[in-house]
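Trainee: Sequence:
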Amino acid sequence: MAKNVLGTELESCSTDPMTGFYRDGCCNTGGDDAGLHTVCCQVTAEFLEFSKSRGNDLSTPMPVYRFPGLKPGDRWCLCAARWREAYDADAAPQVVLEACHISTLEWASLEELQEKAVEK
0 MAKNVLGTEL
10 ESCSTDPMTG
20 FYRDGCCNTG
30 GDDAGLHTVC
40 CQVTAEFLEF
50 SKSRGNDLST
60 PMPVYRFPGL
70 KPGDRWCLCA
80 ARWREAYDAD
90 AAPQVVLEAC
100 HISTLEWASL
110 EELQEKAVEK
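Its first residue numbered 0, the sequence shown is counted upward by one per residue in numbering that gives the first Met the number 0.
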């Protein structure tokens, strides 16, 4: 079983919308996940605007990729590098620690993630 950033079993991030690189509801990762979609975040309008300004529009649906488009409050498995970029720009969304894959710690410290933690 995959572990989360707290060292316990990785929990589900969201099934509505269905998230995860593997669209299994979890922020699992593997060798084919070049983007490292490991950060379970709860998106905000501010973050969605930030991401769009960086060329990654997460609010517009893209059915071909089974992507519904996100709205504030949705939970989503975000690329670790995008979360880091947003954190450094003071635009990072909150995270669900129990649902963030342990490999997220390659991009952010547990303390940084705890700053943005939200109840699961």
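Hints were generated in silico from the structure; no laboratory data involved. You may find that some hints are simply not true.
[Said to hold, decoys possible] Here are the simulated BS3-like pairs of lysine-lysine, each with C-alpha atoms no more than 25 Å apart in a straight line:
no.	residue 1	residue 2
1	Lys-2	Lys-115
2	Lys-115	Lys-70
3	Lys-51	Lys-2
4	Lys-70	Lys-51
Trainee: Give a verdict on every hint.
Mentor: Hint check results:
1. Our distance criterion of 25 Å between C-alpha atoms is met by Lys-2 and Lys-115, whose separation comes to about 19 Å.
2. Taking the CA atoms of Lys-115 and Lys-70, the gap is about 18 Å. The hint holds against a cut of 25 Å.
3. Note on Lys-51 and Lys-2: the hinted pairing is violated, with a Cα-Cα distance of about 30 Å set against a maximum of 25 Å.
4. Distance check on the hinted pair: Lys-70 and Lys-51 sit about 13 Å apart at the alpha-carbon level, within 25 Å; holds.
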